[in-house]
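Engineer: Sequence:
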Amino acid sequence: AFQENEIKLLTAEIEHLKNFGCLGVSPSLEGLRDENAKLKYRLNFLQKSLQEERSKTAKSMININSCLQEIFGTAIQAAYPDLENPPLVVTPSQQPKFGDYQCNSAMGITQILLKTKEQKVSPREIAEKISKNIPANECIEKVEIAGPGFINVHLRKDFVSKQLSSLLMNGVQPPAVGKRKKVVVDFSSPNIAKEMHVGHLRSTIIGESMCRLFEFAGYDVLRLNHLGDWGTQFGMLIAHLQDKFPDYLTVSPPIGDLQAFYKESKRRFDTEEEFKKRAYQCVVLLQSKNPDFIKAWELICDVSRKEFQKIYNCLDITLIERGESFYHEMMKDIVKEFEDKGFVQVDDGRKIVFVPGFPVPLTIMKSDGGYTYDTSDLAALKHRLCEEKADILIYVVDSGQSVHLQTVFAAGQMIGWYDPKVTRVAHAAFGVVLGEDKKKFKTRSGDTVRLIDLLEEGLKRAMDKLKDKERDKVLTAEELKAAQTSVAFGCIKYADLSHNRLNDYVFSFDKMLDDRGNTAAYLLYAFTRIRAIARLANIDEQMLRKAAREEVLILDHEKEWKLGKCILRFPEILQKILEDLLLHTLCDYLYELATTFTEFYDNCYCVEKDRQSGQIVKVNMWRLLLCEATATVMAKGFDILGIKPVQRM
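Residue numbers (the UniProt record's numbering): 1 to 649.
Treat the hints as calculated values from the structure; they're not laboratory data.
Keep in mind that a hint or two might mislead.
[Said to hold, decoys possible] List of simulated lysine-lysine pairs, BS3-like, C-alpha gap at most 30 Å: (1) K644 to K473; (2) K442 to K481; (3) K511 to K469; (4) K162 to K636; (5) K295 to K442; (6) K295 to K276; (7) K559 to K481; (8) K97 to K142.
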């Protein structure tokens, strides 16, 4: 609307300039010609951008729940114009006898009328009044009032059929989410010189999936790996490096096992006083940017990076490294800004900041003049808000950091870096990974489980499972390898993402590799089966595309209707996750879609064969299109979860 209005104004202004002869060639009118050219350029740009916006919106998958909310919002406004922010509750119906969706606002409005106007009106009466005010629309066939005041909504079959055809022709498109926003996601974040362990698994998997979702929805996403690559621990590592590999400046040190190297340096730091003193001196020289010490630091970081990258390659993770060292130069300005605004108190030589509502202060400078995690986290927050201009900032960090992060966010708000009404700053917290004994996941010797070992074990178990099912006898070596990695890494990711991230979850290879129930193994198998239906009927992609343009999707059978509606719920599922960042909702939906498809396939013949000869006698094309729509949505769901399906399994 804004763009259309500006186009009208610009067109009028160009006409106005024309009247002054600015389209002529008189040199004295050069300035006017320039002005006209600028206006025409702006007009052309706006018209093009409006066209793109319209085409994007036309292709966007319709969120049926949002459409119904809009319709019922209008109806409630017309029925009760004096009510401010009346409750708007629209949900999918749980049983077919109650229609396809339900509007349950009447009960809430009853309470409001009683409290604010002292009017006693029955919910059923309110539901009737709302129903009478429903505006003309393309999606509702009829509404019925049930029980105390539920409004049962029946969708129009031609509307659902049209949306499915659009999905088949345009592919799975994201729901319309308005203005393109900048999203910064902080996830994974291992520490240099320490191996990634099972504790990093959740942040890495959840963060990657969130990025994929926001990217699919059309946001500009910056994926940040906030590495622990700075701090006092580097003093002991560099001191140990100097002792163990004195010629490290000229000959690259063969540090094979960085974890062992870290443990050796830590043992010396804890037991050798002289070494400890030298370690502290190394920190000072590193922080003063001494070139030899920077070289040592870079060597240690590079060894870690290569190890991290092996895991990121396995799990198909993409990140931009921006560790604590990136923010080091900004920290003195952070301290000064808090001092200048009068927020700093001195406590036993430390500079601390109390944030209202939080009992523990932030320490922004130690008594020895060094900075802390609090300082680097504040510097990172400011850079992301003020330099990166993030509209949405998400920290995928374990629940144990909740109080710390909330304090940092509140400090950023207190000093004026952002307004929570304008910018969303969220902590996407998650619970811990437990072993099958329901205790923190450890090795038998009590050590933390290395992530690389876990992934290798997953590959081994996936291959055992495939061989148990005798898939090695029907798949080529290449197909078997693809199935192995798809199942192994898909199952590990799905087992994590299918649990509510706020809860702890039990890691069990046996459960995640089970091909029954809500697992990646089951869904991947279901997907390959669906994809094979058209192939076995000798229907290729081109024939399906032609059918999508020409065929009307008949949804007369109750299982066709159920599947069609389930497919179209995809945009509302994604919209919900964009709001609450709970990815298990997508897993639950994909499982529901797969089971709904199975019901449809068991009851509705897609391909009819002669019982004696096995020859195909009839292909019900509209049903094959339903198969294709199901597979298309599942494929996009897998992509968001970071799972790679295979053609044969």
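Engineer: Next step is simple, just say for each hint if it's right about the structure.
Structural biologist: These are the hints, each one checked on the structure:
With a CA separation close to 22 Å, the supplied pair K644 and K473 stays within the 30 Å bound. The suggested pairing of K442 with K481 holds, with an alpha-carbon distance near 29 Å, which does not exceed 30 Å. With a C-alpha separation of about 16 Å, the suggested pairing of K511 with K469 holds against the 30 Å cut-off. This hinted pair checks out: K162 and K636 have alpha carbons roughly 20 Å apart, not beyond 30 Å.
For the hint linking K295 to K442, the alpha-carbon distance of about 35 Å lies beyond 30 Å, and the restraint is violated. Of the supplied pair hints, the one linking K295 and K276 holds, its CA atoms being roughly 21 Å apart against a limit of 30 Å. Between the alpha carbons of K559 and K481 the distance comes to roughly 36 Å, so the proposed pair goes past 30 Å and is violated. Restraint check for K97 and K142: the C-alpha separation of about 13 Å stays at or below 30 Å, so the hint holds.
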